[in-house]
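S.K.: Residues per chain, in single letters:
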Amino acid sequence: MAFTAFSSSAATQPAVRRKSRAALFLLLPGIFYLILFFVTPLISLVITSLQEPDPLVFGRFVNAVNWQNYAAVIELYGEQSARSAGYAALATLFALLIGFPLAYFIGITLRPYPLLQSLALVLVIAPFFISFLLRTLAWKQIFSTEGPVSGILSSLGVLGPGEAITGTAFSVIFGLTYNFIPFMTLPIYATLVSLDLRLLEAGNDLYGSPATTFRTVTLPLSTAGVLSGTLLTFIPAAGDYINASREFLGSADTTMIGNVIETNFLVLQNFPAAASLSLLLMAAILVLVGLYVKRSGTEDLL
Amino acid sequence: MTNHDVPQGGFAEAGADLELVGLTKRFPGFTAVEGLDLTIPAGSFFALLGPSGCGKTTTLRLIAGLEEPTAGRILIGGKDVTTTKAYQRPVNTVFQSYALFPHMSILDNVAFGLKRRAIKNAENLAHEALRLVELDHVGGRKPTQLSGGQQQRVALARAIVNRPALLLLDEPLGALDLKLRRQMQIELKDIQSDVGLTFLHVTHDQEEAMTMADTVAVMNKGRIEQMGPPQELYELPRTSFVAKFLGQSNLFSGEVTSVSRTAMVIDASGTKIEVPLARAQRHTGHVTVGVRPEKVSLHVAAPEASAGRNVMGPGRITDVSFSGVSTQYEVTMPVFGALTVFAQNTSISSMHRDGDEVWLSWAVDHAFGLADDTDGASPRFDADFDTSMIAVQSRKNLEAELEGA
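As they're listed, the protein sequences go chains Z and U. With my numbering, letter number 136 in the first sequence gets 135, and the count goes up by one each step, no holes. In my numbering, each residue's number is its place in the second sequence (first place is 1) plus 47.
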């Protein structure tokens, strides 16, 4: 009988956990919150997107199943959609190019100096202490025609008379990149700070030059961080309407999908168009992200 | 991308000489390796033995190129590699922490070095190396799916597969159980003699060092205390550190009272101990002499004094530990404290019991005289220095040195 205590067959199987009422009870507030603030608006958005104009009162919409809305916005705002994707992709790329070396520096180079490391990390997060609206406005000031940057560029002849930095694709992408660098840096930092440096030594020992070791060891081991960083940057950047708006760094030539949705909801009050655009944006991002994550082979992120 | 600084497409023909000249490594606050001069001939199996914190791992890292020396030179096969980087040296290391790449399969881990040097059929060679460590069946798995012992064998395969001119082993068998450890010791020795590679093995396990290595260097506090074939080191230790770290020793100290043509006699607290001159490092003044526990015989009555034998006693047996082949007795003498005696269990009647009064004797030829002078009754666990203690001590020494300058 005593030997059964050492037999591994049945004993090692973990018992299936009993469904606990307490767990369900604790989840209730969260479920309630999600139903109220996520599912309800989503359903409302779907319903709105299918509405058609009220034939009697101008500017009012009635419930219907009007798929035409989707076709119409795709036709009407194709350019802005493509621009959104392009701007967001470029901003993500630049944020990665700036954020990765920064994360590497803080997470690996500064590792022997914990104080400097914490300080550098605070500097990355510090911009969050000021509203991003204010920071974006500050960039508008810096780039403005009377500002120092334009002054220098004009005197160098790079900027012709009557030309401005603000309102161009450059300033919008710059603003997006600037605003999302911390979102790119922090996840990458999180993976690099726990990277075992002995693996890099092993790479060097096995004839891998620093560049090869970076490519074959460091980079693959930081994939998770790069992946979440790019998602955290690309998704909000694609829907951003602050940087590209006329009041900030953009102009009529840089309108992104976020601005279109904003205009339709708040200015034109074409609610079905705005709702169908929102849903299309959401669907497009879901598909893009799904493909991206699948190709990167890191399903455990989703 | 391949690495063009190491031989491409082929293996090292044979092992290479390793020469260290005045190698020194100082870390802020302490000196890990001090003025190390060492030549390891090609094709030899060399063990660097010492307690933790003695600088042996730092020496290994210096040779691998993972640390830069403060002073001194490193030559591999006659070529000065002091200023070259780790990836340019024809050296591979089996890391104590295994350091397997967690994102690669076992096979890719083993093939890593081969691919960096653009060696053809890297996969086949990797399979071969995995077969050698009996792990070919797990080639497709990730390192985290293996046990510690298996990971260690993969680390070994990953280094050996490159057939480096010099293979560095940093406590490579630490996580293996006894059977596998023996098996790997034999495998390692076979590989080494088959291919003629130079092995530099760092370990704190004296038994492992003695069974595997042609030459053992005992390291202490950043310096090599003594170097030689294992048997020589064991039979004729030169310092008390070696005498105690490599096996056990009974040490006595006293003034030299007379010196004849072949032997000298010391007076250790009233007991005369004779030591052959050829086996003593110093012949005058206050010296420490010793004898290995298995060379000492126990007697129930005072043995008659005879030429060529040292006699000591009486003392009492204070501890008996039976280990099958032999029995270890602890004999406490009023003046010398606890002494150790190993007795072969060749007959049942020869067992002594705790509390028995006994005399000790040993052949004069088995005694040895040490170069340094420490009290025979110094702490038994002297060898167990830890790194921070050494750091503190070295720092004090350095400060004293700086003040003197």
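Honestly, the hints are just simulated from the structure, not real lab data. Possibly wrong hints are sitting among the right ones.
Pairs of lysine-lysine residues, derived as BS3-like cross-links and limited to a Cα-Cα distance of at most 30 Å, are as follows [unchecked claim]:
1) U:LYS236 to U:LYS226
2) Z:LYS293 to U:LYS162
3) U:LYS189 to Z:LYS293
Sample of chain Z residues lacking proximity to chain U, with all beta carbon distances greater than 12 Å (derived) [claimed, not checked]:
4) ARG197
5) LEU198
6) TYR206
From a predicted model like this one, the values you see are computed outputs, not experimental measurements. For glycine and all other residues, C-beta sits at the position ideal for the given N, C-alpha and C.
S.K.: Assess, step by step, whether the Cα of Z:LYS293 is no farther than 30 Å from the Cα of U:LYS162, and give holds or violated.
M.R.: Status holds; Cα separation ~28 Å.
S.K.: Confirm or reject: Z:TYR206 is not an interface residue toward chain U, with every Cβ-Cβ distance exceeding 12 Å.
M.R.: violated (4 Å)
S.K.: Determine whether the non-interface label on Z:ARG197 survives the test: each CB of chain U must be over 12 Å from its CB.
M.R.: violated (4 Å)
S.K.: Take a quick look at Z:LEU198 and tell me if its Cβ sits farther than 12 Å from every Cβ on chain U, holds or violated.
M.R.: violated (6 Å)
S.K.: Is the straight-line distance between the alpha-carbon of U:LYS189 and that of Z:LYS293 30 Å or less?
M.R.: Measuring from Cα to Cα gives roughly 20 Å; hence the hint holds.
S.K.: Given the hint that U:LYS236 pairs with U:LYS226, does the C-alpha gap stay at or below 30 Å?
M.R.: Distance ~16 Å between U:LYS236 and U:LYS226 Cα, so the pair holds.
When each numbered hint is compared with the structure, violations occur for hints 4, 5 and 6.
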